[in-house]
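Dock chain B against the given chain A, drawing on the hints supplied.
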Amino acid sequence: MIATDGLGWWGVPLAIFAGAIRVSTPYLLVSLGECITEKSGRINLGLEGVLIMGAMAGYGTSLATGSAWTGVLAAGLVGAVLGLLHGLLCSLRRVNDIAIGISIMLFGTGLAFFLGKPLVQPQAPMLSAIPFGFWSSSPQIQSALQINPLFLIGIALAVLLHFAFRYTRWGMQLRIVGDSADAALALGLRVLPTRILATVIGGFLAGVGGAFLSLYYPGSWNEGLSSGQGIIAVALVIFARWEPLRCLWASLLFGGAGALGPALQAMGITSGYYLFNAAPYVLTLGILIATGSPSRTLAGAPGELSLVRN
Amino acid sequence: MELTRRFLPLVEAVGIPVMALLVAMLLFAGFVAAVGQSPLEVFALLYKGAFGSAFSWQNTLLRAAPLILTGLAVAIPAQAGMVIIGGEGALALGALTAAVAASALQGAPPHWVQTGMLAAGALCGGLWIGLSGWLRQYRGVNETIGSLLLSYIGIALLNFFVEGPLKDPASLNKPSTAPIGDANMIGNLPGMDVHYGLLFGVIFALVTWVILKFTTLGFALKTVGGNPRAAQMAGLRVGYWIVGAAFAGGAAAGLAGAIEVAAVQGAANASVVAGYGYAGILVAFIARQNPFAVIPVAVLIGGINAAGGMLQRRLDMPDASVLVLQGIIFVVIIASETLNGRLGLIKFKSLSPVSATISSKT
Chain A
1 MIATDGLGWW
11 GVPLAIFAGA
21 IRVSTPYLLV
31 SLGECITEKS
41 GRINLGLEGV
51 LIMGAMAGYG
61 TSLATGSAWT
71 GVLAAGLVGA
81 VLGLLHGLLC
91 SLRRVNDIAI
101 GISIMLFGTG
111 LAFFLGKPLV
121 QPQAPMLSAI
131 PFGFWSSSPQ
141 IQSALQINPL
151 FLIGIALAVL
161 LHFAFRYTRW
171 GMQLRIVGDS
181 ADAALALGLR
191 VLPTRILATV
201 IGGFLAGVGG
211 AFLSLYYPGS
221 WNEGLSSGQG
231 IIAVALVIFA
241 RWEPLRCLWA
251 SLLFGGAGAL
261 GPALQAMGIT
271 SGYYLFNAAP
281 YVLTLGILIA
291 TGSPSRTLAG
301 APGELSLVRN
Chain B
1 MELTRRFLPL
11 VEAVGIPVMA
21 LLVAMLLFAG
31 FVAAVGQSPL
41 EVFALLYKGA
51 FGSAFSWQNT
61 LLRAAPLILT
71 GLAVAIPAQA
81 GMVIIGGEGA
91 LALGALTAAV
101 AASALQGAPP
111 HWVQTGMLAA
121 GALCGGLWIG
131 LSGWLRQYRG
141 VNETIGSLLL
151 SYIGIALLNF
161 FVEGPLKDPA
171 SLNKPSTAPI
181 GDANMIGNLP
191 GMDVHYGLLF
201 GVIFALVTWV
211 ILKFTTLGFA
221 LKTVGGNPRA
231 AQMAGLRVGY
241 WIVGAAFAGG
251 AAAGLAGAIE
261 VAAVQGAANA
271 SVVAGYGYAG
281 ILVAFIARQN
291 PFAVIPVAVL
301 IGGINAAGGM
311 LQRRLDMPDA
321 SVLVLQGIIF
331 VVIIASETLN
341 GRLGLIKFKS
351 LSPVSATISS
361 KT
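Residue numbers (our numbering), protein chains in the order written: chain A, 1 to 310; chain B, 1 to 362.
Here chain A stands alone, though its shape is the one from the complex (with noise of 0.2 Å):
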């Protein structure tokens, strides 16, 4: 919770702003991670339970090692884990990748309460954020441009996606992978290998966004950690149109959402606190709704996605 006595009013723009970053970086890791699985053909929504797995792992193996960052590794590792299952399971036949994901929802969500359970009480190190408010002498300001290395990853990697899938013989291929896999065939691309490949990145990628949930912000592990954060995620690469660099925009935008209602609580209006948690939900389906329509398929969208009805 930021501070914001001594601003008066204009302490919510900065909280927003602050909590905007701060919230978004899990929804920045974790579209960028679905983007990639995406851009292959597959939907996994499954990264909802991924992400409290990842949550639960790099926690639990920060108190262990006394090292956050061999959590953040851990934590990926668990997503990737996760997200090969999915990868090979989807690749069976008659099996569908929705379905595949609501069962790894649920299964990962079991599991990370389960093997969770004792990790409620202790206090794992945490990650640091690296001091960008130096050049301040109030210390709002400096707490709020606390930014944790894990944004500043997810901003080059949006980056480096966004060029990747344009000008890469690797972009290339998973985008006709995600196409049509009667092309990649024909071209002589492995189709199957290249989707469980994309997931598994996905998968890792998840699992990071949910370290950075229990080892930075909030920054502990109890079991209401992830809420609906991985399927928002899920939404917002549908609303970013497949874009990685839109991906980033879309993560602040929905993280500013996620802020409001911290940055209201740390005001001291509290009345409203649920509906005011519930904006970036609110958001996402307003933002589904404004640019979907009936009758045509989404522009970018690969055309192997069975999520996007044509």
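Keep in mind the hints are simulated off the structure, nothing from the lab.
These numbers come from a predicted model, not from an experiment.
Ideal Cβ placement from N, Cα and C applies to all residues, glycine included.
Keep in mind that a hint or two might mislead.
Some, not all, of what chain B presents toward chain A, calculated at C-beta under 7 Å [what the hints assert, rightly or not]:
1. 85
2. 138
3. 139
4. 140
5. 149
6. 152
7. 160
8. 211
9. 215
10. 316
11. 320
12. 323
13. 330
14. 334
15. 340
Some residues of chain A that are not near chain B, with every Cβ distance over 10 Å (derived) [unchecked claim]:
16. 108
17. 111
18. 141
19. 170
20. 188
21. 241
22. 284
23. 289
24. 294
Frame of chain A, contents of chain B only:
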């Protein structure tokens, strides 16, 4: 040969899920062993806690009652080709509306109050999930994501009203709406410690099953779900059917919430959000979206849930153990879809000439 052909669908419909359940049990046994418990002991306790005594049967049936309804909340829209997973939010809003209806009807004869509560809960849940169907049909919003987002919004609304405008000042530790009054509570089935909600759920499931199986209504719905374009050409108004099926499913979940208030909690509060909506998804998928099969499957899953407490007390295992078991069952059940029509012969998706990603929605 004739015999095999006649019975193969039944063997598949029952055999594959049963086989999947056994595989899931084996995997869970491995998990249990990995965390240092004896699988045999765990399974024995699971059985004992679920079906081992009259007391545990009552516990099981109490949990099966909402699960039948939340299972239907997934199974009914599935007939029209939708994957709806927002039952938890519809349940929460059903509970909230039921509590509001009860306070509006205070003073009326108990039967009126009860009927009003259940009707209001079902209506509200129906509108909520019906909205997901409407959004899918008329705005192109994927119903799976849409219903889950609506679910989170519904739970937030419940929390907001229960802790804010509708909070009963007398409910200190556990914010709740004003109690509906003992006289208005739905009583127990004769001779059991299980409330009438179980009966309502069973009736809802049976009526749905009969409608789907024996009437043109059911046939039309399946046509819409199987091939919307063909349905349109046959003169069916696809949009009505989609929204209607979503409404019916949501009504089931809303009714489950209303029953939780009217028969168990006596007021709307956060306790009604207990994961029944999510477990209902599992119930519907094990039952392969068949409303009749939802009943026994809900009893099975209700039993697993009921036994969770016993695992916690006797073996000191976390109460989330049953969630792990449910999760494993779910993953295995979905993966076992691959066996449909090809018992014993697993093949990877053929990637040419037609890619198969869009087929088999459920």
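A quick look at each hint next to the structure:
The restraint placing residue 85 of chain B at the interface with chain A holds, with a minimum CB-CB distance near 6 Å, inside the 7 Å limit. Satisfaction of the interface hint for residue 138 of chain B is found here, the shortest Cβ-Cβ separation to chain A being roughly 5 Å, below the 7 Å cut-off. Interface restraint check: residue 139 of chain B against chain A, minimum CB-CB distance 5 Å, threshold 7 Å, status holds. The closest approach between the C-beta of residue 140 of chain B and any C-beta of chain A is roughly 4 Å, which is under the 7 Å cut-off, so the hint is satisfied.
Below 7 Å, beta-carbon pairs count as interface contacts, and residue 149 of chain B has one with chain A at about 5 Å; its hint therefore holds. For the restraint placing residue 152 of chain B at the interface with chain A, the shortest Cβ-Cβ distance is roughly 5 Å, inside the 7 Å limit, so the hint holds. Restraint check, residue 160 of chain B versus chain A: the minimum CB separation of about 4 Å is within 7 Å; hint holds. With a cut of 7 Å, the hint placing residue 211 of chain B at the interface with chain A is violated, because the nearest CB-to-CB distance is about 25 Å.
Taking 7 Å as the C-beta contact cut-off toward chain A, the hint placing residue 215 of chain B at the interface is violated, the least distance being around 28 Å. Because the closest C-beta pair between residue 316 of chain B and chain A is about 10 Å apart, greater than 7 Å, the hint is violated. Taking 7 Å as the C-beta cut-off, the interface hint given for residue 320 of chain B holds, the closest approach to chain A being about 4 Å. At a threshold of 7 Å, the smallest CB-CB gap from residue 323 of chain B to chain A is about 3 Å, leaving the interface hint in force.
With a least beta-carbon distance of about 4 Å to chain A, the hint placing residue 330 of chain B at the interface is held under the 7 Å criterion. Because the closest C-beta pair between residue 334 of chain B and chain A is about 5 Å apart, less than 7 Å, the hint holds. The closest approach between the C-beta of residue 340 of chain B and any C-beta of chain A is roughly 6 Å, which is under the 7 Å cut-off, so the hint is satisfied. At roughly 7 Å, the least C-beta separation between residue 108 of chain A and chain B is not larger than 10 Å, which violates its mark as non-interface.
The Cβ of residue 111 of chain A sits about 5 Å from the closest Cβ of chain B, inside the 10 Å cut-off, so the non-interface label is violated. Non-interface call for residue 141 of chain A relative to chain B: holds, since the shortest CB-CB distance, roughly 32 Å, exceeds 10 Å. Once the 10 Å rule is applied to beta carbons, residue 170 of chain A is consistent with being away from chain B; the minimum gap is 20 Å. Listed as a non-interface residue, residue 188 of chain A keeps its Cβ farther than 10 Å from every Cβ of chain B; the least gap is roughly 12 Å.
Every CB of chain B lies more than 10 Å from the CB of residue 241 of chain A, the least distance being 14 Å, so the non-interface label holds. With a cut of 10 Å on Cβ distances, residue 284 of chain A falls inside the contact zone with chain B, its closest approach being about 6 Å. Annotated as non-interface, residue 289 of chain A brings its C-beta within 10 Å of a C-beta of chain B; the closest such distance is 5 Å. At roughly 5 Å, the least C-beta separation between residue 294 of chain A and chain B is not larger than 10 Å, which violates its mark as non-interface.
Consistency with the previously given hints fails for numbers 8, 9, 10, 16, 17, 22, 23 and 24, ordered from lowest to highest.
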